[in-house]
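Sequence lines, in order, name chains A and B. Residues in the first sequence are numbered consecutively from 1398, following my numbering. Residues in the second sequence are numbered consecutively from 963, following my numbering.
What the hints contain is simulated information worked out from the structure, not anything from laboratory work. One thing to keep in mind: the hints can contain errors.
Unchecked claim - Calculated cross-link-like contacts (lysine to any residue; reagent style SDA-like; alpha-carbon spacing at most 25 Å):
1. B:Lys1052 to A:Ala1427
2. B:Lys1052 to B:Asn964
3. A:Lys1441 to B:Glu979
4. B:Lys1016 to B:Ile1036
5. A:Lys1408 to A:Pro1493
6. B:Lys1052 to A:Lys1408
7. B:Lys1015 to A:Val1470
8. B:Lys1030 to B:Gly1014
9. B:Lys1052 to A:Gly1469
10. A:Lys1441 to B:Pro1078
11. B:Lys1052 to A:Pro1478
12. A:Lys1441 to B:Lys1052
13. B:Lys1052 to B:Asn1026
14. A:Lys1459 to B:Gly990
15. A:Lys1441 to B:Glu967
16. B:Lys1052 to A:Gln1477
17. B:Lys1052 to A:Pro1493
18. B:Lys1030 to A:Ala1427
19. B:Lys1052 to A:Arg1413
20. A:Lys1408 to B:Asn1026
21. B:Lys1052 to B:Ser969
22. A:Lys1468 to A:Gly1437
23. B:Lys1015 to A:Thr1503
24. B:Lys1052 to A:Thr1511
25. A:Lys1441 to B:Ser1033
26. A:Lys1441 to B:Ser1044
27. A:Lys1441 to B:Leu1011
28. B:Lys1016 to B:Gly990
29. A:Lys1441 to B:Ala975
30. B:Lys1052 to A:Gly1437
All figures in this text were calculated on a predicted structure; none of them were measured in a lab.
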Amino acid sequence: EAGVAQSPRYKIIEKRQSVAFWCNPISGHATLYWYQQILGQGPKLLIQFQNNGVVDDSQLPKDRFSAERLKGVDSTLKIQPAKLEDSAVYLCASSPWTVSGANVLTFGAGSRLTVL
Amino acid sequence: KNEVEQSPQNLTAQEGEFITINCSYSVGISALHWLQQHPGGGIVSLFMLSSGKKKHGRLIATINIQEKHSSLHITASHPRDSAVYICAVKRKRANISNFGNEKLTFGTGTRLTIIP
């Protein structure tokens, strides 16, 4: 089974520039998550999709971050304009949709963003 | 205070030592994940447990729901075990009843270094 694919793996930009990250979840996984992990901290949920609908985006800084999953499969996360504090690893994860909640969460390798 | 606390934050040990990493949480949960993150790498799910104990190779995870505490043990530790170990709890969403994926809350991780 192919894993969660993310690109790019690394991105360096200057502040005020924009950047986009792409995620292709495991085939058939209805739920897709974007997490932000700042160095030395645990991952923080930015947004969760159920198919192409948003379940939770309460911690997404909507003035500069946006995400979409138009066809309920792959997803993009965009930052515009970037700030220095956005330097982090952006992790995508996916899981199947289940009633019991005993679902397995699979993470991608992450996209490391450095904002100069 | 974080809802999920891990200890220690950093741990350095000699090869062969028995390792224990602790996780305490303050919320009601349905399950708990132990995750492993290598430098520059993605996150791998080691265990998901909701009661008792699980074992996989040299890794053992235990959970005490009443005490809201979990431990991850590594026997006969090896330098390749060096990584960040993250505890994450699955909390039921208040606004999604009966079905839907549950929200993960992450600890800040324990950085383990095993010296040859």
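Comparing the hints with the structure gives:
1. Taking the CA atoms of Lys1052 of chain B and Ala1427 of chain A, the gap is about 18 Å. The hint holds against a cut of 25 Å.
2. With a C-alpha separation of about 15 Å, the suggested pairing of Lys1052 of chain B with Asn964 of chain B holds against the 25 Å cut-off.
3. The hinted pair formed by Lys1441 of chain A and Glu979 of chain B fails the criterion: a straight-line CA distance of about 32 Å is larger than 25 Å.
4. Restraint check: the Cα-Cα separation between Lys1016 of chain B and Ile1036 of chain B comes to about 12 Å, which is no more than 25 Å; the hinted pair holds.
5. About 29 Å separates the Cα atoms of Lys1408 of chain A and Pro1493 of chain A, which puts this hinted pair outside 25 Å; it is violated.
6. Simply put, Lys1052 of chain B and Lys1408 of chain A have alpha-carbon atoms about 31 Å apart, too far for the 25 Å limit, and the pair is violated.
7. Between the alpha carbons of Lys1015 of chain B and Val1470 of chain A the distance comes to roughly 35 Å, so the proposed pair goes past 25 Å and is violated.
8. Of the supplied pair hints, the one linking Lys1030 of chain B and Gly1014 of chain B holds, its CA atoms being roughly 12 Å apart against a limit of 25 Å.
9. For the suggested pair Lys1052 of chain B and Gly1469 of chain A, the alpha carbons sit about 23 Å apart, so the restraint of at most 25 Å is met.
10. For the given pair, Lys1441 of chain A sits about 33 Å from Pro1078 of chain B by alpha-carbon distance, which is inconsistent with the 25 Å threshold.
11. For the given pair, Lys1052 of chain B sits about 33 Å from Pro1478 of chain A by alpha-carbon distance, which is inconsistent with the 25 Å threshold.
12. Between Lys1441 of chain A and Lys1052 of chain B the CA atoms are separated by roughly 14 Å; this keeps the pair inside 25 Å, and the hint holds.
13. With a C-alpha separation of about 15 Å, the suggested pair Lys1052 of chain B and Asn1026 of chain B falls inside the 25 Å cut-off, and the hint holds.
14. Distance restraint check for Lys1459 of chain A and Gly990 of chain B: the Cα-Cα separation of roughly 29 Å exceeds the 25 Å cut-off, and the hinted pair is therefore not satisfied.
15. A distance of roughly 15 Å separates the Cα atoms of Lys1441 of chain A and Glu967 of chain B; the hinted pair therefore holds under the 25 Å criterion.
16. Simply put, Lys1052 of chain B and Gln1477 of chain A have alpha-carbon atoms about 31 Å apart, too far for the 25 Å limit, and the pair is violated.
17. Restraint check for Lys1052 of chain B and Pro1493 of chain A: satisfied, since their Cα atoms lie roughly 15 Å apart, inside the 25 Å limit.
18. For a cut-off of 25 Å, the pair hint linking Lys1030 of chain B to Ala1427 of chain A is broken: about 30 Å separates their Cα positions.
19. This hinted pair does not check out: Lys1052 of chain B and Arg1413 of chain A have alpha carbons roughly 35 Å apart, beyond 25 Å.
20. For a cut-off of 25 Å, the pair hint linking Lys1408 of chain A to Asn1026 of chain B is broken: about 42 Å separates their Cα positions.
21. At roughly 19 Å between alpha-carbon atoms, Lys1052 of chain B and Ser969 of chain B fall within 25 Å of each other, so this suggested pair holds.
22. With a C-alpha separation of about 34 Å, the suggested pair Lys1468 of chain A and Gly1437 of chain A falls outside the 25 Å cut-off, and the hint is violated.
23. Between Lys1015 of chain B and Thr1503 of chain A the alpha-carbon distance is near 22 Å, which keeps this suggested pair within the 25 Å criterion.
24. Of the pairs offered as hints, the one joining Lys1052 of chain B and Thr1511 of chain A is violated, with about 30 Å between alpha carbons and a cut-off of 25 Å exceeded.
25. With a C-alpha separation of about 22 Å, the suggested pairing of Lys1441 of chain A with Ser1033 of chain B holds against the 25 Å cut-off.
26. The hinted pair formed by Lys1441 of chain A and Ser1044 of chain B meets the criterion: a straight-line CA distance of about 23 Å does not exceed 25 Å.
27. Restraint check for Lys1441 of chain A and Leu1011 of chain B: the C-alpha separation of about 21 Å stays at or below 25 Å, so the hint holds.
28. This hinted pair checks out: Lys1016 of chain B and Gly990 of chain B have alpha carbons roughly 20 Å apart, not beyond 25 Å.
29. This hinted pair does not check out: Lys1441 of chain A and Ala975 of chain B have alpha carbons roughly 29 Å apart, beyond 25 Å.
30. Taken as a hint, the Lys1052 of chain B and Gly1437 of chain A pair is honoured in the structure, with Cα atoms around 21 Å apart against an allowance of 25 Å.
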